[in-house]
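**Q** Given next are the chains, with one letter for each unit.
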Amino acid sequence: MATTATTHQTKWWSGGKSPFNLEYGKLMMWYFLMSDAFTFGAFLISYGSIRFSQNVWADSNAVFNAFPGAGHANLPLAFVSVMTFILIISSVTMVLAVHAGHNQDKKGVMKWIAWTIVGGLAFLGCQAWEWHHLITGEHAVLVDGKIELIGQTMRENPWGRLVEGSAVMDALRHTPKETLMKLVEEHNHTVTSAQLASMSNDNLIGMLNTAEMHIREKGPIAFGGYFFGITGFHGFHVFSGVIINSIMLIMTSKGVFDRKGHYLMIEKAGLYWHFVDLVWVFVFLCFYLI
Amino acid sequence: MDHSQNTFSPEVTFQHQHSDAEFKRRVRKTTILLSVITIIELGIGLTIYTLHKGHPSPLLILMFKGMVCILTLAKAYYIVSVFMHLGDEIRNMIMTIVVPLSLFIWFILAFIIDGNSYKNLRNNYDPHFRESTMPVQEHTQDTIELKHSGKE
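Here the protein sequences come in this chain order: A and B. Sequential numbering of the first sequence, starting at 124, is according to this note's numbering. Sequential numbering of the second sequence, starting at 11, is according to this note's numbering.
No wet-lab data here; the hints were simulated from the structure. One should not assume that every hint holds.
[As the list claims (entries may be wrong)] Here's a subset of chain A near chain B, in silico, CB distances under 7 Å, partners left out: (1) 133; (2) 140; (3) 141; (4) 143; (5) 144; (6) 146; (7) 164; (8) 171; (9) 175; (10) 184; (11) 200; (12) 397; (13) 404; (14) 413.
[As the list claims (entries may be wrong)] To spell it out: a stretch of chain B is covered by chain A in this simulated footprint if at least three of its residues, at any positions, have a beta carbon under 8 Å from a beta carbon of chain A; those stretches are: (15) 24-38; (16) 43-57; (17) 81-92; (18) 98-106; (19) 109-115; (20) 126-138.
Built from N, CA and C at the ideal position, the CB exists for glycine as well.
With the hints as constraints, model all of the structure from the sequences given.
**A** In C-alpha cells form, the structure reads like this:
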C-alpha cells in the first residue's frame, strides 16, 4: 500500500493527532465491539462448557430441519443457510454504503443502507419463524412411560436419547387417545379426524410405523435456555442494528452528513453491522454445525 | 481519487485510499470467498449428518467439526480484515484489538476442559446420571470397558 511509507515517518505519539490514525468515535466503537465480543464469547463458551458436561445433547440436524412451507419434510441446515446468506449479503450492502459515503455519494448511501435494513428485517423475520416453529412444534417424547407431544421451550427439550422399539410399544399402550390420533395424523393425511376418533387405541397404534418414529426421551433442559438466550441476544443486536441503520438513513436523507462534510457516522454504523454478521458466523458454528 | 480531503477528520493523519475499481475487486473477491466457505461448511455439516445415520468413528466426526471451526475462523478473519477495514489500520491499533482477544484461547480451553471433566466425574461417581443419560449403545459398551478395567 502507498501509505506504508507515511506510517513509519509519522511520529504517532507526538500529540495533536490520533496515535491510532482513527477519530475518537470510531476507535471507541472498536473497543465497544471488543467488549461485546467477550460478552458473546462468554455466552457461547458457557454453552460449550455445559454441552461438554452432558452425555447426550440435542442433535442440531434433528432440531433444525424445517423449512417454511415444506411441512414435515426433513431438510437439515436448509433454512439456517438462507439466514446466513441473508446476513452475508446485508454485510456486503453495508460495505457498499460505507464506500458510497467515502465518495460523498448521498444517493448511493441511501440506496445501500436501505438494502441493509431490508436484509436485517428479513433475518429477523426468519428468526421469528424459526423460534415459533421450535416452540409450537410437537415432538413425540417418552415421559413417565407414555408418549407426550412437546415443543422446544426454555423448560423442556424433546431431543434426548433415542428410545428402543420395545419400550416404544409399551409406551404407546399407555398413551392417551388424543396423542395417538395426532401421531397418526402427522404421517397419514388420508384419514379424517372423525374416522380416527371412531377407531380404538389398538387400531391407531397399528397404523403407526414404530420403526420410523424416532421417539426420544427429554434432553438436557439447558439447551433451550442457551439457544433462545444466545440467538435472542444476537437477534437483539440485529434489531438494534436495524434501528441504527434506519436513523442513519433518515439523517442521510435530511442532509446531516453533507453539512458535516463527512460520512464517518455511516462507518461506525457499518462496523456495528459487520460485528452482528461476525457474531452470527460463530452462533451458526456453535448451534447449527457442530 | 481526490475525495479523501472531504472525509478527513482533524485527528486523522492519512486516509485509506482505494480506487473504486480496486475497492470493487476486493469486495467481490471477499463476498465470493465468504459464500464459498459457507457452502463448504454446509457441505461438511451435511456430511456429518449423513455419517450419523451409520456408526461413524468419533475421531472422523471430530475432524470434520475441527475443519468447520477452522473455516469459521477464516470467515471471521475476512469479515474483520476486509469488511471492517481492520487490515488497513495501523499496526498499533490492530494490536490493541487482537492481543486482548487472545484471552479467548485460555477462555475456551479452560471452560471446555472443565465441562468435560465434570462429565467424567459424574459418569464415574454418579451411576444414576450415567444410566439415565448415556446413549444406549455406548452405555453398554462403556460398562463392559469399565468392568474390564476393574472400575466397577
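**Q** Now tell me if each hint is right for this structure.
**A** Here is how each hint holds up against the structure:
{"no.": "1", "hint": "133", "result": "holds, 6 Å"}
{"no.": "2", "hint": "140", "result": "holds, 5 Å"}
{"no.": "3", "hint": "141", "result": "holds, 4 Å"}
{"no.": "4", "hint": "143", "result": "holds, 4 Å"}
{"no.": "5", "hint": "144", "result": "holds, 5 Å"}
{"no.": "6", "hint": "146", "result": "holds, 4 Å"}
{"no.": "7", "hint": "164", "result": "holds, 6 Å"}
{"no.": "8", "hint": "171", "result": "holds, 5 Å"}
{"no.": "9", "hint": "175", "result": "holds, 3 Å"}
{"no.": "10", "hint": "184", "result": "holds, 4 Å"}
{"no.": "11", "hint": "200", "result": "holds, 5 Å"}
{"no.": "12", "hint": "397", "result": "holds, 5 Å"}
{"no.": "13", "hint": "404", "result": "holds, 5 Å"}
{"no.": "14", "hint": "413", "result": "holds, 4 Å"}
{"no.": "15", "hint": "24-38", "result": "holds (count 6)"}
{"no.": "16", "hint": "43-57", "result": "holds (count 8)"}
{"no.": "17", "hint": "81-92", "result": "holds (count 5)"}
{"no.": "18", "hint": "98-106", "result": "holds (count 7)"}
{"no.": "19", "hint": "109-115", "result": "holds (count 4)"}
{"no.": "20", "hint": "126-138", "result": "holds (count 5)"}
In the structure shown, no violation is registered for any of the earlier numbered hints.
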